[in-house]
Amino acid sequence: MTSPSHGQDPHRLEPEAFLEEVHSFEFWFQAVSGYLTGRPYGHRAGAGAPLIEPRERERLLTVLANYCVGETAALEGASGLIAFAPNRQAKIFLSTQVVDEGRHLEVLLHRMRDLGVADAEAEVERRANHALVMFKRRLLELVASKDWEAAIFAQNVILEAMEFVVFQTHAKRADPVTREVLEGIVRDERRHIGFGENEIGRRLKQSPHVRPRLGEVRRELDPLVLASFEETLAEAEVPRSERPELGRSYLAAVARLGFE
Amino acid sequence: MADFLSAYSIQSWLESAPQGYLMNTEYGHAPDEKEAPIVLENPTMRAAAIRTTVQLVVGERCALAASSGLINSAPDEASKRFLATQTIDEARHVEVFTQRLYDLGVKKAELEDALKAHANPHLVKFAEVLLEKVDKKDFVAGVVGQNVILEGMAFHVFELMHAGNQSLNPKFGHTLSGVIADERRHVGFGENRIGSLIRENPGKKPEIQAMQRDMSYHMLATFAAAFRDTTERDEMERITRAAEARGEIAKPAQWQGADLRALEPAEMERLLGDTVLKEFKIRLGRIGLEYQTPPGQ
Numbered sequence: 000m001t002s003p004s005h006g007q008d009p010h011r012l013e014p015e016a017f018l019e020e021v022h023s024f025e026f027w028f029q030a031v032s033g034y035l036t037g038r039p040y041g042h043r044a045g046a047g048a049p050l051i052e053p054r055e056r057e058r059l060l061t062v063l064a065n066y067c068v069g070e071t072a073a074l075e076g077a078s079g080l081i082a083f084a085p086n087r088q089a090k091i092f093l094s095t096q097v098v099d100e101g102r103h104l105e106v107l108l109h110r111m112r113d114l115g116v117a118d119a120e121a122e123v124e125r126r127a128n129h130a131l132v133m134f135k136r137r138l139l140e141l142v143a144s145k146d147w148e149a150a151i152f153a154q155n156v157i158l159e160a161m162e163f164v165v166f167q168t169h170a171k172r173a174d175p176v177t178r179e180v181l182e183g184i185v186r187d188e189r190r191h192i193g194f195g196e197n198e199i200g201r202r203l204k205q206s207p208h209v210r211p212r213l214g215e216v217r218r219e220l221d222p223l224v225l226a227s228f229e230e231t232l233a234e235a236e237v238p239r240s241e242r243p244e245l246g247r248s249y250l251a252a253v254a255r256l257g258f259e
Numbered sequence: 000m001a002d003f004l005s006a007y008s009i010q011s012w013l014e015s016a017p018q019g020y021l022m023n024t025e026y027g028h029a030p031d032e033k034e035a036p037i038v039l040e041n042p043t044m045r046a047a048a049i050r051t052t053v054q055l056v057v058g059e060r061c062a063l064a065a066s067s068g069l070i071n072s073a074p075d076e077a078s079k080r081f082l083a084t085q086t087i088d089e090a091r092h093v094e095v096f097t098q099r100l101y102d103l104g105v106k107k108a109e110l111e112d113a114l115k116a117h118a119n120p121h122l123v124k125f126a127e128v129l130l131e132k133v134d135k136k137d138f139v140a141g142v143v144g145q146n147v148i149l150e151g152m153a154f155h156v157f158e159l160m161h162a163g164n165q166s167l168n169p170k171f172g173h174t175l176s177g178v179i180a181d182e183r184r185h186v187g188f189g190e191n192r193i194g195s196l197i198r199e200n201p202g203k204k205p206e207i208q209a210m211q212r213d214m215s216y217h218m219l220a221t222f223a224a225a226f227r228d229t230t231e232r233d234e235m236e237r238i239t240r241a242a243e244a245r246g247e248i249a250k251p252a253q254w255q256g257a258d259l260r261a262l263e264p265a266e267m268e269r270l271l272g273d274t275v276l277k278e279f280k281i282r283l284g285r286i287g288l289e290y291q292t293p294p295g296q
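So the sequences go chain by chain: A and B. Each residue of the first sequence is one higher than the one before, starting from 0 at the first, in numbering that gives the first Met the number 0. Each residue of the second sequence is one higher than the one before, starting from 0 at the first, in numbering that gives the first Met the number 0.
Here are the simulated lysine-lysine pairs, BS3-like style, with alpha carbons at most 30 Å apart: (1) B:135 - A:145; (2) B:203 - B:135; (3) B:203 - A:145; (4) A:145 - B:107; (5) A:204 - B:107; (6) B:170 - B:106; (7) A:135 - A:171.
It should be emphasised that the hints constitute simulated quantities derived from the structure, not laboratory data. Just so we're clear, the structure is a prediction, and the values are computed from it rather than from any experiment.
Construct all of the structure, not just a fragment, from the sequences and the given hints.
See the structure below:
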């Protein structure tokens, strides 16, 4: 598949043409083909399946199960957003995000099965952390209420920023297979955050009165995000000394939009 | 069920579609392909192509809304993932058919007006009947409406259009062949997944059959309107005969064993309607539903 802008750097395009380009299916495929080709279920066949100690395996399964909760939230959130997205380009971008999130869920469940889990879905339910489940419920309420700004903010800024920070950190210390799977996911998340920041940034410029409402959403969701962080990073054996720094990275990502 | 659904995984989709039949395409066709001059340079044919493509965009927008809307009500995680692939397929179809409208000369700023002006009211009603079920989070009715009825109809419409375009307008023919390959997967999922759910919920049958009857009524009315304009048909015949005389068409366009050039519009409408309805009956029977004849048929 080739890019509709024929190799032109999209950043050189006019704002409207830029959005048409970067929110298209064609652009999505250009972006993913490089890192998904030859990597069934998110990793190369030769990535090496390491022996994992039983205790470490248990921890990894809990972490992966919670990633699945986050990805299910993102899949259901992104698909629900399509119905009331304000224009065709946003609908098409969200469709690419839906398949990204579906893929993340699939590769993570596949990794759990690789680690010997027979019923991965049941395992996800058993190991899900409370704060993350609460976050998912709240996100889907915002989507169901068809509040575009609040739902996009919760989904493509808060949830995606949280996942980005956690996955990136975990990938650095993960076994080779898990690392490749996570690195592929992180590349997708970057695109999703870009969409969220762009969309919310433009909305805030056009309608500054939206800001206090989004500030409220953030105040409500931050404690759930930080509690999920704490649990997941502990299971991923990220040293306690590094965890505040990661919390700050997440807060900085959200602060870029002017939410202190 | 798990084994059947593994054939509909995102990994299978990646390998068969983006890394398979969509490789080296741009908006579904080869990057250097252009709309045929007989369409671009002939005002009658161009207007007809715009009208037809508008119906495709309207149908695909409905399919996008339905497949994405069904994800949250899907009863299992594997169905959610399949619907994720269907969502992006439908979004791609919206994109390629919208791009065709631009290629045919519709200005970007005038897209929504063109859709409003040309959308067949029966097709809009057809979409509303389906989306009402999706809005109510009725997964079983939604999948029957979307993956058996809408996709079953679309599949044959696209095949008929493909037969008529593959020689005269290869660019559009290629776009359609990728879309047909997607639709085949969608129809297969509907049949395979829904049979067991209907057996588990026999009480839902009357409501789903009523939806099928309403959707079939609006579908047939859409077909009737599409074949009513004979100006385009006469022009098409003239162009086809000229192309044949120049040796540009090796053999006449055939579909379902019929020579499309020899058919009158009413005969073509009947052939399409009969083919779609025959398939509906077979597919509905496989999932335990009985075809309901729409009023006036």
